[in-house]
Every structure is written in C-alpha cells, then in structure tokens.
Amino acid sequence: MSPSSPPPIWKHVFNFTRVVFALLVVNKAGGLIYNREFSAGLNKLNSNDLLILAGTFHGVHAITRSLSPLPRPPYGSFAPTDVPVRPTGLEVLESTHFRLTCFQTATGVKFLLLTDPPQPNIDVMLRRIYELYADYVMKNPFYTVEMPIRCEKFDRGLDGYLRVIARA
Amino acid sequence: MVVYSFYIFDRHTECIYTRRWTPRPLSSAKPARPQSGGSVLSNGDANTVAAGRRGLSKEDDAKLVFGTIFSLRGLVQKLGGDDNNFVSYRTGEYKLHYYETPTRLKFVMLTDTKVPNLRLHLHQIWANLYIEYVVKNPLSPVEHPGGIGVANELFEGTLERFKVTSIDSIGER
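Chain order of the listed sequences is A and B.
Sequential numbering of the first sequence, starting at 1, is according to full-length UniProt numbering.
Sequential numbering of the second sequence, starting at 1, is according to full-length UniProt numbering.
These are calculated hints, taken from the structure and not from any lab test.
Mixed in with the good hints, there may be bad ones.
Stated by the list, open to error - Here are the simulated BS3-like pairs of lysine-lysine, each with C-alpha atoms no more than 25 Å apart in a straight line:
1) A/28 <-> B/114
2) B/78 <-> A/44
3) B/78 <-> A/110
4) B/58 <-> A/110
Unchecked claim - Partial chain A-side listing against chain B, Cβ under 10 Å, derived:
5) 23
6) 27
7) 29
8) 56
9) 57
10) 60
11) 64
12) 68
13) 69
14) 86
15) 93
16) 151
Claimed, not checked - Reference listing, derived: stretches of chain B covered by chain A, where coverage requires no fewer than 3 residues with Cβ under 8 Å from a Cβ of chain A:
17) 65 to 79
18) 86 to 92
As the structure is a computational prediction, the values presented were derived from the model and not from experiment.
Note that CB positions come from ideal geometry on N, CA and C, so glycine has one too.
I would like the entire structure built from these sequences, with the hints used as guidance.
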C-alpha cells in the first residue's frame with residue numbers, strides 16, 4: 001500500500017473508541033494484587049486509595065450477588081440441571097466517564113477493566129488478559145498465589161496486547 | 001422488558017418508596033429448593049447467599065440496595081472525578097438503573113438485563129410524576145420520614161401506567 005493511500009475505514013471506526021484506562025486484579029480475599037494504568041483519563045489514585053477501592057468493590061460484588069430479584073434465574077428454567085446456577089454478581093458498571101467490566105474466574109480472582117463507555121468487545125479482551133495471566137503469572141514458578149503480581153513478562157504481554165488494540 | 005422493583009431514597013438515606021412487580025419479595029423469594037445439589041459447588045458461598053436471602057426482609061433489601069449504590073457512587077466519583085455520575089450496573093441476573101436529582105433524591109429501578117439505559121425514564125418519573133403528585137400535593141409534608149405522602153393514589157396509579165406504557169414496551173418497538 002502506498003503511503004498516500006488513506007487507511008481502511010475500519011481504522012477510523014476503531015481508533016477513537018479503543019481506550020483502555022486501567023486494569024486491576026483483585027484476589028479472592030478482596031486484596032489488590034495488580035494494577036496498571038494504560039492511558040490517562042481517570043483520576044490518579046495512590047496505592048492506598050486503590051486498595052480501598054478494590055476492597056469496596058469486592059464487598060459490593062458480594063452484595064449484588066445476593067440482591068437478585070428473581071426467585072431463580074430465567075436461564076435455569078429451561079435447562080434442568082442438578083448444579084444450582086450461581087448468581088454472578090456485578091459484571092458491568094457504567095458511569096458517564098468510564099465503564100468497569102468485571103470478569104471473575106472460577107477460582108474467585110476478579111479482573112477489573114476500566115474502559116471508555118463505547119468500547120466494544122471487552123469480553124474478548126478480558127479473556128485474552130486471563131490467558132496472559134494464566135501463561136505468565138500462574139505458570140511462573142516464583143509466583144505465590146494470592147500475592148501481588150510482579151512478573152515482567154505479564155507486564156510486557158499486557159503492554160503488547162493493549163497497544164496492538166489501540167493501534168488497530 | 002421486565003421491571004422487578006423500584007425504590008426512591010431521600011437525602012437522609014431513607015427509603016421513602018418501594019414498589020415491586022415480582023410475584024414474591026426480593027430477598028425472601030428464594031424457594032426452598034432441594035439442597036442435595038449444594039455439595040456439587042466447589043465452595044460454599046452460594047449456599048450462604050441462599051441462606052442469607054431467606055433471612056432478609058423487605059426493609060433489609062432496601063438497605064442493601066442503598067448501601068450498594070452509595071458505595072458504587074463513591075467509587076465512581078473517586079475514579080472519574082466529581083462530575084462523573086454512576087449510571088447503572090448489570091449482573092448476570094438483573095440490571096440496576098440509577099438516577100440522582102440535584103436535591104440528592106435517588107431513584108433506583110431493577111429490571112432484567114436486556115433493558116437499555118433507563119436514566120431518562122427515571123428522570124421522567126421524577127419530573128412528571130414525583131414533582132406533580134408528591135411535591136405539588138398540598139397535603140404532603142416537605143420531607144417524607146417513613147414514606148408518608150409519597151405513596152398516594154395518583155402517584156402510584158400514574159407510576160403503574162408509566163411503567164406499562166413506557167418501560168414494558170421498550171423491547172417491542
């Protein structure tokens with residue numbers, strides 16, 4: 001492609017919507033074990049405030065799970081299973097400036113991704129981040145479970161992935 | 001679109017109006033389902049949630065809802081600045097919509113998960129129903145401790161009609 005030719009139209013579509021502000025990882029006890037800012041736009045918080053925020057979110061997540069107004073979830077009604085359908089708790093939180101998407105793994109680790117509200121395909125991104133976590137954090141022999149994540153490869157993997165998205 | 005419940009909280013954090021459209025009350029709605037499947041769970045937290053649900057009353061639900069929106073509002077303002085407003089959150093089972101007036105009156109509505117944002121509808125409930133039939137009611141007190149003056153016939157009737165005509169039909173259009 002010659003340098004003068006205009007970029008394909010989808011580049012324009014995605015360029016301005018793809019903003020990921022930050023990623024937080026909360027362990028199953030509600031402690032913050034990883035935080036990383038990718039682009040400016042949110043308030044700068046010190047590590048103490050971030051810890052409080054993670055703990056608050058952990059508590060609210062548990063409450064939202066017990067607030068369900070349904071006697072049983074509608075999707076359980078046509079799929080008779082012996083396993084009770086577990087309430088999921090908060091998945092997406094919307095505010096005027098950002099959107100927080102929470103992905104909880106089967107072991108109770110929560111990935112909180114703060115993005116621009118119109119950002120599409122967040123579930124795909126979270127799944128990819130979870131893969132990176134599994135590859136570079138859980139398979140790291142020097143990492144202790146539930147402890148703060150200090151793995152350079154995870155950092156670099158996240159940087160690489162989210163930069164690629166931002167440039168797409 | 002299904003609306004499950006609706007709450008109004010005043011600026012003293014008190015729940016002044018509750019309306020439910022679910023057949024059974026929110027928390028105590030959990031039917032005593034056979035617990036034989038309970039051991040299948042990897043950890044016991046779903047069981048404790050279920051047990052907790054049965055023990056809660058209507059007032060406790062309102063308090064839980066208020067605690068949730070209060071915490072989330074603080075969280076959202078801390079992250080995004082003071083002009084950042086909490087709009088809604090969604091779980092796998094329901095969605096909570098939130099609207100706060102300048103006088104710190106809070107309107108909360110719980111619906112199913114497929115509903116788009118209801119902020120505008122909640123604003124309409126405030127402007128067209130609450131102001132008209134509660135605030136402008138000469139017999140109603142200025143503050144509503146314990147909810148007196150809010151649940152009058154006109155307000156409840158028009159709220160019901162508004163819900164049927166404007167919110168229930170969102171998905172059908």
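Hints and how they fare:
1. With a CA separation close to 29 Å, the supplied pair residue 28 of chain A and residue 114 of chain B exceeds the 25 Å bound.
2. Of the supplied pair hints, the one linking residue 78 of chain B and residue 44 of chain A holds, its CA atoms being roughly 9 Å apart against a limit of 25 Å.
3. Of the pairs offered as hints, the one joining residue 78 of chain B and residue 110 of chain A holds, with about 20 Å between alpha carbons and a cut-off of 25 Å not exceeded.
4. A C-alpha spacing of about 30 Å is found between residue 58 of chain B and residue 110 of chain A, which places the hinted pair above 25 Å, so the restraint is violated.
5. About 13 Å separates the beta-carbon of residue 23 of chain A from the nearest beta-carbon of chain B, more than 10 Å, and the hint is not met.
6. With a least beta-carbon distance of about 14 Å to chain B, the hint placing residue 27 of chain A at the interface is violated under the 10 Å criterion.
7. Given the 10 Å rule on beta carbons, the hint for residue 29 of chain A is violated: about 12 Å separates it from the nearest Cβ of chain B.
8. At about 5 Å, the closest approach between the beta carbon of residue 56 of chain A and any beta carbon in chain B falls short of 10 Å, and the interface hint on this residue holds.
9. With 10 Å as the threshold, the beta carbon of residue 57 of chain A comes within range of chain B, its nearest partner Cβ sitting at about 7 Å, so the hint holds.
10. For residue 60 of chain A, the shortest C-beta to C-beta distance to chain B is roughly 5 Å, which falls under 10 Å, so the interface hint holds.
11. This hint holds: residue 64 of chain A has a C-beta 5 Å from the nearest C-beta of chain B, less than the 10 Å allowed.
12. For residue 68 of chain A, the interface hint holds, since its Cβ comes within 10 Å of a Cβ in chain B; the closest pair sits about 5 Å apart.
13. With 10 Å as the threshold, the beta carbon of residue 69 of chain A comes within range of chain B, its nearest partner Cβ sitting at about 4 Å, so the hint holds.
14. A cut of 10 Å between beta carbons decides the hint on residue 86 of chain A: the least distance to chain B is about 5 Å, and the hint holds.
15. Annotation: residue 93 of chain A was flagged as interfacial toward chain B, and the flag holds, the nearest CB pair being 4 Å apart, inside 10 Å.
16. Against a cut-off of 10 Å between C-beta atoms, the interface hint on residue 151 of chain A is violated, since the closest Cβ of chain B lies about 25 Å away.
17. Requiring three or more residues with a Cβ within less than 8 Å of a Cβ of chain A, the coverage given for the region 65 to 79 of chain B holds, as 10 such residues are present.
18. For the region 86 to 92 of chain B, the proposed coverage by chain A is satisfied: 7 residues have a C-beta within less than 8 Å of a C-beta in that chain, meeting the threshold of three.
Hint violations for this structure: numbers 1, 4, 5, 6, 7, 16, all remaining hints satisfied.
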